[in-house]
Amino acid sequence: MAVLLDENARVIVQGITGREGSFHTKLMLEYGTKIVAGVTPGKGGMEVHGVPVYDTMKEAVEAHPEANTSIIFVPARFAPDAVYEAVDAGMKLVVVITEHIPVHETMKFVNYAKQKGTIIIGPNCPGIITPGVAKVGIMPGSTFTPGPVGIVSRSGTLTYEIGYALTKAGIGQSTVIGIGGDPIVGLTFTEAMEYFEKDPQTKALVLVGEIGGDMEERAAKMIEEGKFTKPVVAFIAGRTAPPGKRMGHAGAIIMMGTGTYQGKVEALRKAGVKVAETPFQIPSLVKEVL
Amino acid sequence: MAVLLDENARVIVQGITGREGSFHTKLMLEYGTKIVAGVTPGKGGMEVHGVPVYDTMKEAVEAHPEANTSIIFVPARFAPDAVYEAVDAGMKLVVVITEHIPVHETMKFVNYAKQKGTIIIGPNCPGIITPGVAKVGIMPGSTFTPGPVGIVSRSGTLTYEIGYALTKAGIGQSTVIGIGGDPIVGLTFTEAMEYFEKDPQTKALVLVGEIGGDMEERAAKMIEEGKFTKPVVAFIAGRTAPPGKRMGHAGAIIMMGTGTYQGKVEALRKAGVKVAETPFQIPSLVKEVL
Amino acid sequence: MKLFEYEAKKILADKGVKIPRGVLVAKGEDPVAKAKEAGLEPPVVVKAQVLVAGRGKAGGIKMAKTWEEVAKYAEELFNKPIKGIVPKLLLIEEAIPHEAELYAAIVIDRSARKPVILASQYGGMDIEEISKEKPESIIRQHVDPFVGLKGYQARLIGKRIGLKGKALASFSKFLTALYEAFTEYDAELAESNPLALVGEEVIPLDARMIVDDNALYRHPELAKERFEESGEYTEWEIKARKIGLAFVELDGDVGIIGNGAGLTMTTMDLVYEYGGKPANFLDIGGGASAELVKTAVSFLMEYPKAKKVFINIFGGITRGDEVARGIVKALQELGQLPKPIVIRLAGTKAEEGRKILEEAGIEAYTDPIEAVKRVIEL
Amino acid sequence: MKLFEYEAKKILADKGVKIPRGVLVAKGEDPVAKAKEAGLEPPVVVKAQVLVAGRGKAGGIKMAKTWEEVAKYAEELFNKPIKGIVPKLLLIEEAIPHEAELYAAIVIDRSARKPVILASQYGGMDIEEISKEKPESIIRQHVDPFVGLKGYQARLIGKRIGLKGKALASFSKFLTALYEAFTEYDAELAESNPLALVGEEVIPLDARMIVDDNALYRHPELAKERFEESGEYTEWEIKARKIGLAFVELDGDVGIIGNGAGLTMTTMDLVYEYGGKPANFLDIGGGASAELVKTAVSFLMEYPKAKKVFINIFGGITRGDEVARGIVKALQELGQLPKPIVIRLAGTKAEEGRKILEEAGIEAYTDPIEAVKRVIEL
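Protein chains in written order, with the working numbering: chain A, 1 to 290; chain B, 1 to 290; chain C, 1 to 378; chain D, 1 to 378.
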């Protein structure tokens with residue numbers, strides 16, 4: 001078992017002929033991900049690393065009706081359209097890697113996908129990996145190993161760092177989800193937690209937050225209300241970030257007094273979550289709760 | 001029994017303080033319709049024919065949580081907003097009397113209402129009456145009498161004429177719905193027919209169409225496919241109307257070769273429907289099928 | 001309301017669509033000088049700006065190969081009515097050699113209650129002809145009115161009418177602009193036919209838009225109605241519109257007044273059914289005042305095609321007594337009865353109305369069939 | 001990107017909002033002459049057009065009762081930095097006596113993933129103050145981004161902040177315009193505070209808008225970035241932006257380079273945790289080239305606050321060898337090592353990277369804790 005991504009995933013890569021799309025298609029294939037098709041308008045008929053390319057999702061899905069997941073490497077200006085195309089083509093899961101999508105566009109396609117029953121991960125995210133099974137994303141696969149701990153994170157590199165630390169400590173992961181660093185994302189902490197709650201493989205959850213927004217506070221509330229019952233270890237990046245400054249991620253900003261490190265840590269601790277001071281304390285804290 | 005409107009209807013009149021709204025509130029009350037509130041922004045606190053007036057639907061519904069139906073007499077520029085307000089306030093049925101609403105607006109609010117599970121009748125319609133029970137509309141109540149025949153019509157006055165002819169001939173009506181003369185309406189023939197099909201009181205249906213669009217053809221198809229099983233008598237107005245001219249109703253126009261009298265009559269006859277040459281043949285045709 | 005070609009093209013150009021270079025010439029202006037000023041060189045196309053359908057077939061579009069021809073055709077077009085309409089403006093445009101003529105339109109689909117894109121690789125013919133001759137070539141795509149036309153949908157349509165590469169990109173950009181124009185201007189129809197394929201680019205050689213009359217208040221820049229110029233309306237229809245009457249001219253001799261669109265049409269149909277021919281459609285609508293009735297009656301008394309008049313009223317919101325008062329007033333003002341008139345009154349206050357008419361010496365029927373038979377035999 | 005008050009007001013005025021009569025004055029122009037030309041009469045308000053928050057409290061807004069005061073305050077404001085920023089433009093506006101000051105704003109609610117309207121009858125204070133002092137006065141209303149703000153929602157909000165009659169209608173018209181501005185300009189924030197209640201009309205005395213940087217390509221009319229004028233950025237932040245670096249200035253002395261926003265913030269936090277103070281945030285992002293790394297390293301070598309530099313890389317898409325090559329290149333160009341530098345490399349191609357560094361005589365850590373301890377003790 002796993003969360004959102006298992007051995008039944010059949011993947012279409014949107015923007016497969018681009019530099020990033022092509023490179024990561026290769027890495028995903030090497031990891032064992034079952035990529036059935038790629039889409040780039042105007043490049044139909046090509047092959048990329050043996051994967052057939054179509055002009056449209058419609059054609060890709062007609063040729064590969066088993067497809068249920070897509071990953072988007074399309075530039076920001078065209079990415080929202082690619083999301084609509086994936087949703088309308090019936091994808092169950094759409095991973096949006098693209099950064100710099102206007103937030104009004106994200107707001108719309110996330111609402112649209114929700115109505116249609118499609119799960120969006122991202123945008124501006126590293127994707128999702130179920131170690132040993134499949135990877136739909138850009139994270140280094142070797143960093144992760146199968147096991148009992150779920151990870152859900154707003155940060156990419158930090159997730160690799162934490163995954164690596166867990167792996168080194170002999171603690172494997174059930175599924176690792178990078179939900180993305182934008183102010184609006186398709187899958188929030190609490191939504192991801194609903195899936196982890198139901199997954200029998202997952203025995204504990206590592207939650208990697210950062211300043212800005214109130215997703216961590218909402219996760220804390222969910223835990224307090226007893227709607228997430230597994231042990232949680234958290235780390236929040238940005239303790240030393242000044243208010244009003246955007247720290248790399250569009251979503252990592254303390255605005256109008258909300259989204260502070262202190263607020264998040266307090267809320268999580270109040271909910272009984274162990275909050276690590278550094279990411280490198282996470283393995284030992286996880287060991288305590290497993 | 002009846003269709004869409006029965007003794008459980010509790011009605012709010014939107015635009016109750018206007019000339020039309022106030023006049024028809026009186027007539028509806030006299031007919032026995034249970035009007036619980038009226039809404040006109042800025043006129044909250046007034047009373048119209050004993051009905052309390054509120055500034056917003058929200059307040060009206062808070063004070064009268066039993067309300068489930070609204071009727072809109074608001075001028076065309078403000079009518080779409082009144083529809084959204086009614087839908088968002090949880091009305092199950094909204095009758096839009098207003099004429100001259102831009103068709104792009106109607107297209108939107110009809111789709112919106114559908115998503116939210118609200119039934120819209122109209123716009124540009126006379127409303128709905130279940131004789132002897134309730135009237136949410138502007139038709140002369142005395143014209144109709146309870147009985148076994150449903151009427152669904154694109155035309156107002158013509159419906160009164162036909163109802164009157166039936167009543168004179170001793171044939172009463174289960175429910176009479178004027179769906180409106182605009183190109184886009186909330187409730188189409190086939191949708192109305194789904195309700196009449198399920199209504200045990202209705203033994204036969206009179207369908208009053210006119211030139212323009214293809215609602216009559218769709219009704220014929222529904223009958224042919226066996227999805228509507230009760231006897232149908234039809235009349236189509238506009239046999240002598242020239243193509244390309246708008247005949248009073250925004251929707252009554254033969255465009256791009258579609259929407260002709262001949263096409264509609266042929267489709268209906270092919271489906272086994274008796275099509276009257278004049279509205280005054282309807283009572284005898286109905287008697288044949290009852 | 002129909003827009004002129006140059007107006008529809010201007011709207012598209014404002015949305016980034018490349019349109020043929022051109023210049024508008026009014027009567028009295030020198031077409032050659034204006035065309036030269038605009039940087040045009042023959043061959044050019046000289047197009048009458050009229051709103052009638054089938055303008056091309058009616059001789060409203062001329063290809064001029066020399067400046068002499070430009071002058072000649074402009075002179076011709078300014079003096080030749082196209083289906084009865086003399087253009088006030090000509091559009092002189094560069095002639096654009098092209099490989100193919102496509103069709104693209106957006107209309108409102110009544111059943112789906114959504115906008116629908118129509119496209120075909122067989123442009124040049126009108127949509128009815130395409131429907132007859134190449135029905136399978138017509139691509140249909142509905143659009144969610146809240147979400148709008150998605151880029152991928154536009155690309156799919158372009159692909160399905162045979163475009164690829166840059167031409168496909170150009171088409172999908174065009175379609176997006178057309179959709180924006182369609183929604184922004186509350187259009188019932190936005191169309192380009194032919195939409196020319198020029199190398200790897202699409203260019204609208206013609207463009208049409210019909211704006212929803214009910215939405216004109218939101219488009220004050222378009223709001224001057226153009227009854228006279230449209231060619232849609234006859235002289236008497238224009239007169240009627242100016243005094244606020246919903247009137248359509250027909251070819252028979254029985255003048256018709258009814259209340260409500262359905263009943264008025266039915267009254268026409270009844271006259272036809274009993275062997276007569278309606279001279280018009282005139283709907284006084286719901287709840288008409290005596291004043292409006294008077295105006296309608298007086299209008300038909302002047303309207304020469306109507307040799308007699310049939311007034312058919314079923315009172316609902318409309319009151320029989322108001323109608324009767326209006327008729328009596330009209331006849332009083334006219335002094336005498338210039339044309340025979342048959343009245344049928346039923347429904348709300350019909351009794352009162354009949355009394356008023358009787359007092360004025362006018363008989364009114366209750367039964368519509370008796371009334372229509374009487375009209376025919378007059 | 002923040003818009004200036006006069007820009008935000010112009011956008012609202014274009015949407016039909018009544019704004020105070022006013023005129024822009026540039027340095028060197030005669031404020032009195034320009035104000036008179038614009039038909040203004042004292043009392044007027046002279047407002048520094050700067051983007052810093054708390055402009056009023058910092059003395060950037062002056063009420064002038066006479067023409068002499070206009071001249072005096074204009075002279076003052078043009079020469080007095082507001083939180084470090086000297087205005088290039090002043091806005092002189094009519095002073096508008098008003099009965100009440102309201103608050104209205106639209107922001108994006110991350111959790112609901114929808115725009116949310118915020119309104120309060122207690123304007124004048126900023127929203128944090130209102131949240132503290134009158135939290136119950138803040139009305140919140142979400143908007144479906146596809147459907148838009150409905151008229152009745154605007155009226156309900158107005159009612160709930162105590163308006164009625166014509167004032168309510170004026171407020172709801174204002175809110176509709178504000179929402180249009182919010183969506184049309186891809187705003188993260190559109191705000192008026194105070195929104196004055198003048199008789200039965202609302203008039204925005206101030207207006208603020210922040211446009212999503214990611215959407216600037218859609219707004220070429222706004223697209224000139226204004227790092228210098230915004231007051232949001234320090235001198236070194238402006239320098240960094242100009243060469244494409246995601247850099248935030250902090251107050252410590254340990255220069256920081258990381259890859260990825262989360263890891264870079266964490267690197268700052270680690271330094272702090274082990275007793276140091278970060279001098280900056282500098283994220284080289286995912287998949288950085290040697291060239292970008294070189295630029296980043298050279299930048300920190302010049303940046304005076306950084307007395308030493310800590311580079312923390314966990315390779316994912318970013319490759320350790322590329323990073324190493326960038327570092328080596330930077331040091332080679334500088335000739336020598338002006339500041340001590342500690343490097344931690346892990347993940348993709350970290351082994352290769354360490355080898356490259358070693359060959360250039362630079363030691364690299366694998367363990368971040370060891371590395372950070374080393375930085376602190378330097």
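Keep in mind the hints are simulated off the structure, nothing from the lab. Since the structure is predicted, the reported quantities are computational estimates derived from the model, not experimental observations. C-beta atoms are modelled at their ideal positions from N, C-alpha and C, and glycine is treated no differently. Heads up, a few of these hints could be off.
What the hints assert, rightly or not - Restraint ranges, calculated between C-beta atoms of paired labels, are given here: (1) B:LYS116 with D:PRO135: 45 to 51 angstroms; (2) C:GLU200 with D:GLY165: 46 to 52 angstroms; (3) D:LYS132 with B:ALA63: 49 to 55 angstroms.
Unchecked claim - Derived pair list, reagent style SDA-like, types lysine to any residue, alpha-carbon separation capped at 20 angstroms: (4) A:LYS116 with D:ASP144; (5) C:LYS239 with C:GLU358; (6) D:LYS349 with A:GLY45; (7) B:LYS168 with C:LYS166; (8) A:LYS168 with D:ILE369; (9) B:LYS245 with C:GLY244; (10) C:LYS132 with B:GLY263; (11) A:LYS168 with D:LYS134; (12) D:LYS164 with B:GLY44; (13) A:LYS116 with D:GLU377; (14) D:LYS18 with D:GLY39; (15) D:LYS18 with D:TYR6; (16) D:LYS373 with A:ALA276; (17) D:LYS173 with B:THR56; (18) C:LYS308 with C:THR295; (19) D:LYS114 with A:THR258; (20) C:LYS373 with B:THR278; (21) B:LYS58 with D:TYR6; (22) B:LYS245 with C:THR183; (23) D:LYS36 with D:GLY16; (24) C:LYS57 with C:ALA33; (25) C:LYS329 with C:GLU358; (26) D:LYS15 with B:ARG77; (27) C:LYS242 with B:GLY263; (28) D:LYS15 with C:GLU221; (29) D:LYS166 with B:MET46; (30) C:LYS166 with A:GLY18; (31) D:LYS114 with A:ALA276; (32) D:LYS72 with D:ALA100; (33) D:LYS277 with D:ASP144; (34) C:LYS18 with C:GLU99; (35) C:LYS132 with B:THR258; (36) A:LYS116 with D:ALA112; (37) A:LYS114 with B:ALA113; (38) B:LYS168 with B:HIS100; (39) D:LYS134 with A:VAL265; (40) A:LYS26 with D:ASP30.
Query raised in the report: Do the alpha carbons of LYS114 (chain A) and ALA113 (chain B) lie within 20 angstroms of each other, as the hint requires?
Result: Within the cut-off at roughly 18 angstroms; holds.
Requested in this report: Assess, step by step, whether the Cα of LYS168 (chain A) is no farther than 20 angstroms from the Cα of LYS134 (chain D), and give holds or violated.
Outcome: violated (52 angstroms)
**Report entry** Restraint status (C-alpha distance of LYS116 (chain A) to ASP144 (chain D) at most 20 angstroms)
**Finding:** Holds, at about 16 angstroms.
Query - Hint consistency between LYS132 (chain C) and THR258 (chain B) [alpha-carbon to alpha-carbon, up to 20 angstroms] - result: holds (13 angstroms)
Query raised in the report: Does LYS239 (chain C) pair with GLU358 (chain C) here, judged by a C-alpha cut-off of 20 angstroms?
Result: violated (31 angstroms)
**Report entry** Given hint GLU358 (chain C) paired with LYS329 (chain C) - CA-CA distance at most 20 angstroms
**Finding:** holds (14 angstroms)
Query - Given hint ARG77 (chain B) paired with LYS15 (chain D) - CA-CA distance at most 20 angstroms - result: holds (18 angstroms)
Query raised in the report: Taking 20 angstroms as the top limit, are the C-alpha atoms of LYS373 (chain D) and ALA276 (chain A) close enough?
Result: holds (18 angstroms)
**Report entry** 45 to 51 angstroms as the expected CB spacing between PRO135 (chain D) and LYS116 (chain B), which holds or is violated
**Finding:** Cβ of LYS116 (chain B) to Cβ of PRO135 (chain D): about 31 angstroms, so the range 45 to 51 angstroms is violated.
Requested in this report: Below or equal to 20 angstroms on CA atoms is what counts here, so check LYS114 (chain D) against THR258 (chain A).
Outcome: Given that 20 angstroms is the threshold and the Cα spacing comes to 17 angstroms, the pair holds.
Query - 20 angstroms Cα cutoff - pair LYS132 (chain C), GLY263 (chain B) - result: OK: LYS132 (chain C) and GLY263 (chain B) at ~16 angstroms, within 20 angstroms.
Query raised in the report: Has the given pair, LYS18 (chain D) with TYR6 (chain D), been kept, meaning a C-alpha gap of at most 20 angstroms?
Result: holds (13 angstroms)
Consistency with the previously given hints fails for numbers 1, 2, 3, 5, 6, 7, 11, 13, 21, 22, 23, 24, 27, 31, 32, 33, 38, 39, 40, ordered from lowest to highest.
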